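*Asks:* Going line by line, the protein sequences match chains D, P and Y. So the first sequence is numbered by my numbering: it starts at 1 and just counts up by one. So the second sequence is numbered by my numbering: it starts at 1001 and just counts up by one. So the third sequence is numbered by my numbering: it starts at 2001 and just counts up by one.
Where hints are given, some of them may not hold.
Said to hold, decoys possible - Derived lysine-lysine pairs resembling BS3-like cross-links, with alpha carbons at most 27 angstroms apart:
#, chain 1, residue 1, chain 2, residue 2
1, P, Lys1004, D, Lys7
2, P, Lys1232, P, Lys1183
3, P, Lys1209, P, Lys1040
4, Y, Lys2371, P, Lys1183
5, D, Lys3, D, Lys28
6, P, Lys1258, Y, Lys2328
7, P, Lys1004, D, Lys3
8, Y, Lys2295, P, Lys1189
9, P, Lys1247, P, Lys1189
10, P, Lys1040, Y, Lys2224
11, P, Lys1189, P, Lys1040
12, P, Lys1189, P, Lys1209
13, P, Lys1189, P, Lys1207
14, P, Lys1004, D, Lys5
15, D, Lys28, P, Lys1221
16, P, Lys1040, P, Lys1004
17, P, Lys1221, P, Lys1207
18, D, Lys28, D, Lys7
19, D, Lys38, D, Lys7
20, D, Lys38, P, Lys1183
21, P, Lys1207, D, Lys38
22, D, Lys3, P, Lys1040
23, Y, Lys2200, P, Lys1040
24, Y, Lys2295, P, Lys1004
25, Y, Lys2200, Y, Lys2257
26, P, Lys1189, Y, Lys2257
27, P, Lys1209, P, Lys1230
28, D, Lys38, P, Lys1209
29, Y, Lys2295, Y, Lys2200
30, P, Lys1004, Y, Lys2224
31, D, Lys5, D, Lys28
32, D, Lys38, P, Lys1247
33, P, Lys1183, P, Lys1004
34, P, Lys1209, P, Lys1221
35, P, Lys1207, P, Lys1258
Just so you know, these hints were derived from the structure itself, not from any lab. All of these numbers come straight from a predicted model, not from anything done at the bench.
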Amino acid sequence: MGKPKLKEHIINREWCKGCGICVHFCPKNVLELDENDKAVAVIPEECICCRLCELRCPDLAIEVITEPSEVSESSEVSETSEV
Amino acid sequence: MAIKDYIRERFFPHMWCAGCGHGIVLNGLLRAIEQIGISKNDIVMVSGIGCSSRISGYVDFHTLHTLHGRALAFATGVKMSRPELKLIVPMGDGDALAIGGNHFIHAARRNIDMTAIVMNNRIYGMTGGQYSPLSGYGTSATTAPYSNIDHTFDVVNLSVAAGASFVARTTAYHVMQMISVLKQAILHKGFSVVEILTQCPTYFGRKNKLGGAVEMMEYFKNNTTSVGSKAKQENPELIERGVFVRKEIPEYCSEYEKIIQRATIG
Amino acid sequence: MSQNIRFIQGNEVCVEAALYAGLNFFAGYPITPSTEIAEHLSLRLPQIKGRFIQMEDEIASVCAIIGASLTGHKVMTATSGPGFSLMQEGLGYAIMAEIPCVIINVQRGGPSTGLPTSVSQGDVGQALWGTHGDHAVIAMTASNHQDIFAMTVHAFNMAETYRTPVILLFDEVTGHMRERLVIPEPGEFPLVERLRTSVKEGVDYHPYLPREDGRLPMSDFGGKHRYNVTGLAHDMWGFPSNNPSVVQGLLRHLVDKINNNSHNITRYNEYEMEDARTVLISYGSSARSALHVVKNRRARGERIGLLELQTLWPFPFGLVRQKCADAKYIVVVEMNMGQILQPVRMAVDNPERVYLANRIDGVFITPTDIKNILRIIQGRGM
């Protein structure tokens, strides 16, 4: 199984409370908070699809959609990215 | 099945504050359940009172939002009367260990098959930031304006001493480990305890000048280590994470089935 | 036939009746003078594949039975005053979340630890107002073993009918006294089974939407409908709500379903009441002494009768008013400082005619005690 390729970040702006956890802990600085304090993917091309933003989002507001649209395999996420 | 299939979407966005670690626990718990693949109809979530207990309103299981501290007692009745159901009991630290402390140790002692999740944010959040039994000596809270002189429980040691047959600790930062230990705990037959250190930036963070959610999660990252690690030997101040106890001992409901067999033979 | 006649304690009668009614889950904590109920059920329940658990305290006990009731079982706990105090929190939850359960309080002397091995009827008021907030409760009692059996079965039936906790206020004397019990045949007493929803799986189910008759069809926890149960004020789905009209509707429903059905809930016995000018009103073990006085004095020609209340809450105001309409003296016989005296005074047309004959010292009130007080009330001196 090859590396997952990013299709898009779906960010639910209604649910996002702008805590900034996803922004701070993204290993590739893909995300930022916009002027309304909502998370947005500003450099999606850098995304390595580790999904840590999705998993750490307290608001369940982020989904990292990959292609081919296989069922998400959490085992692909590297434990090393969290010490 | 996506995790959205496990929640009651109409109640989102949830009522927790921005950056609250409880949301991360909900997130991780749903993924653990999704990965195990338990049917929603087979799960009963029982919670008490407090910020943490509101988790039960957001999940599409059989949900029982009970009284402060009493979740495990209600859960005991549900489990004993329908042992085939999976019981998940998320509690806050005050909920589980102050007002509910007696129920906690006795549920552990019986080794009744359920998963107790202690969402430990070291504060009473719902009522506005009073110190909890997990706040710790020297911390500040709205009821400890001169500094807290109460010492804490060590949830892991307490659970082990009380007889829990699965005991783990993780944090809201360590989401992969959180999902992993929650899966193990839910699959474990017996009383399992998972302590999850979660941040309350609104009260504990603010009262103790620990910064916001990000800074508090950095603290979890930098001040914890895997159980039995070399880092712990070098720095005893580090908080250990991981699975501390996992043992196979007779489970309460299974033992009661034997009682029924004994009683019905004669 | 002879197998159905037993000579047992009242606490054991209660056990037999609960099993007859379909009890299959009990949680409790040992406390005098109720402990025999737990002891007998620990033996009997597993024999019928039911479950018994001794919890860490009375708070946990009432919570455990509420949890077990939700999964569709008939449940009970048993305690005495100090334990009943601890159970008030769970009692309120069961009222609010409308969960059927039966709570036995074998009363002893109070307050606090009081007189653990002595009789009292001091928890009558607590049964009504022990838990906080506006609510209605059903509380019943009985004075002899045959009635303890009948009222225990009735308690389970009422709990299931109205989805509410029912309190059985027995006392140390009836609990520990031994007398003859003829165990009714199966089918002799009708049993109410829980009303279960006919809503199909996947269809929106409203666990807290009452039918026109006020009853709520339930769905067993762990079954095909996933819903929320909470002690917070809640809407018809069981989700928290502080919408004023929802809250108003909920509280009215909780109170009305009981108070408006008082006629279905009320049970009583009456003795020699037809032409009685002196009416004794009593309940529980003290009604035994009151009955003795009535029989004794009737034999000597006095127009005296006994109204024995078996349902204490909701208080049968209409019944008491009607039965006391022609009475010159209304004497409430109870082992407390007037906990039923007060609603009797509210019920009757001439409250100044209502007197109290009581004992509060842990000693069972005897016919002689009542006669001595009657002499004073009736102006015949000591």
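*Asks:* For every hint, state whether the structure bears it out.
*Replies:* Going down the list of hints, with the structure as the test:
1. Between Lys1004(P) and Lys7(D) the alpha-carbon distance is near 19 angstroms, which keeps this suggested pair within the 27 angstroms criterion.
2. Note on Lys1232(P) and Lys1183(P): the hinted pairing holds, with a Cα-Cα distance of about 25 angstroms set against a maximum of 27 angstroms.
3. Annotation: proposed proximity of Lys1209(P) to Lys1040(P) is violated, straight-line Cα distance about 41 angstroms (limit 27 angstroms).
4. Straight-line distance between C-alpha atoms of Lys2371(Y) and Lys1183(P) comes to about 71 angstroms, which puts the hinted pair past the 27 angstroms bound.
5. As the CA atoms of Lys3(D) and Lys28(D) are separated by approximately 16 angstroms, the hinted pair is consistent with the 27 angstroms bound.
6. Under the criterion of a C-alpha separation no larger than 27 angstroms, the hint pairing Lys1258(P) with Lys2328(Y) is inconsistent with the structure, at around 63 angstroms.
7. Taking the CA atoms of Lys1004(P) and Lys3(D), the gap is near 25 angstroms; set against the 27 angstroms cutoff, the hint holds.
8. Proposed proximity of Lys2295(Y) and Lys1189(P) is contradicted: the alpha carbons are some 63 angstroms apart, above 27 angstroms.
9. The suggested pairing of Lys1247(P) with Lys1189(P) holds, with an alpha-carbon distance near 9 angstroms, which does not exceed 27 angstroms.
10. Distance restraint check for Lys1040(P) and Lys2224(Y): the Cα-Cα separation of roughly 10 angstroms lies within the 27 angstroms cut-off, and the hinted pair is therefore satisfied.
11. With a CA separation close to 19 angstroms, the supplied pair Lys1189(P) and Lys1040(P) stays within the 27 angstroms bound.
12. Taking the CA atoms of Lys1189(P) and Lys1209(P), the gap is about 41 angstroms. The hint is violated against a cut of 27 angstroms.
13. About 40 angstroms separates the Cα atoms of Lys1189(P) and Lys1207(P), which puts this hinted pair outside 27 angstroms; it is violated.
14. A threshold of 27 angstroms between alpha carbons decides the hint, and for Lys1004(P) with Lys5(D) the separation of about 22 angstroms falls inside it, so the pair holds.
15. At most 27 angstroms may separate the alpha-carbon atoms for a hinted pair to count; Lys28(D) and Lys1221(P) meet this at roughly 18 angstroms.
16. Restraint check for Lys1040(P) and Lys1004(P): satisfied, since their Cα atoms lie roughly 12 angstroms apart, inside the 27 angstroms limit.
17. This hinted pair checks out: Lys1221(P) and Lys1207(P) have alpha carbons roughly 21 angstroms apart, not beyond 27 angstroms.
18. Proximity of Lys28(D) to Lys7(D) is assessed by CA-CA distance (about 16 angstroms); at most 27 angstroms being required, the pair is judged to hold.
19. Under the criterion of a C-alpha separation no larger than 27 angstroms, the hint pairing Lys38(D) with Lys7(D) is consistent with the structure, at around 20 angstroms.
20. Note on Lys38(D) and Lys1183(P): the hinted pairing is violated, with a Cα-Cα distance of about 31 angstroms set against a maximum of 27 angstroms.
21. In summary, the hint linking Lys1207(P) to Lys38(D) is supported, as the alpha carbons are separated by about 26 angstroms, within the 27 angstroms threshold.
22. As the CA atoms of Lys3(D) and Lys1040(P) are separated by approximately 31 angstroms, the hinted pair breaks the 27 angstroms bound.
23. Our distance criterion of 27 angstroms between C-alpha atoms is met by Lys2200(Y) and Lys1040(P), whose separation comes to about 17 angstroms.
24. Distance restraint check for Lys2295(Y) and Lys1004(P): the Cα-Cα separation of roughly 72 angstroms exceeds the 27 angstroms cut-off, and the hinted pair is therefore not satisfied.
25. Distance restraint check for Lys2200(Y) and Lys2257(Y): the Cα-Cα separation of roughly 26 angstroms lies within the 27 angstroms cut-off, and the hinted pair is therefore satisfied.
26. For a cut-off of 27 angstroms, the pair hint linking Lys1189(P) to Lys2257(Y) is broken: about 42 angstroms separates their Cα positions.
27. Pair hint Lys1209(P) plus Lys1230(P) does not hold up; C-alpha atoms about 30 angstroms apart against a cutoff of 27 angstroms.
28. With a CA separation close to 25 angstroms, the supplied pair Lys38(D) and Lys1209(P) stays within the 27 angstroms bound.
29. Between Lys2295(Y) and Lys2200(Y), the direct Cα distance comes to roughly 58 angstroms. Violation of the 27 angstroms bound is thereby established for this hinted pair.
30. Using a Cα cut-off of 27 angstroms, the hinted pair Lys1004(P) and Lys2224(Y) holds, with the two alpha carbons roughly 20 angstroms apart.
31. The suggested pairing of Lys5(D) with Lys28(D) holds, with an alpha-carbon distance near 15 angstroms, which does not exceed 27 angstroms.
32. A distance of roughly 45 angstroms separates the Cα atoms of Lys38(D) and Lys1247(P); the hinted pair therefore is violated under the 27 angstroms criterion.
33. Our distance criterion of 27 angstroms between C-alpha atoms is met by Lys1183(P) and Lys1004(P), whose separation comes to about 18 angstroms.
34. In summary, the hint linking Lys1209(P) to Lys1221(P) is supported, as the alpha carbons are separated by about 18 angstroms, within the 27 angstroms threshold.
35. For the suggested pair Lys1207(P) and Lys1258(P), the alpha carbons sit about 52 angstroms apart, so the restraint of at most 27 angstroms is broken.
Checked against the numbered hints given earlier, this structure breaks hints 3, 4, 6, 8, 12, 13, 20, 22, 24, 26, 27, 29, 32, 35; the rest are met.
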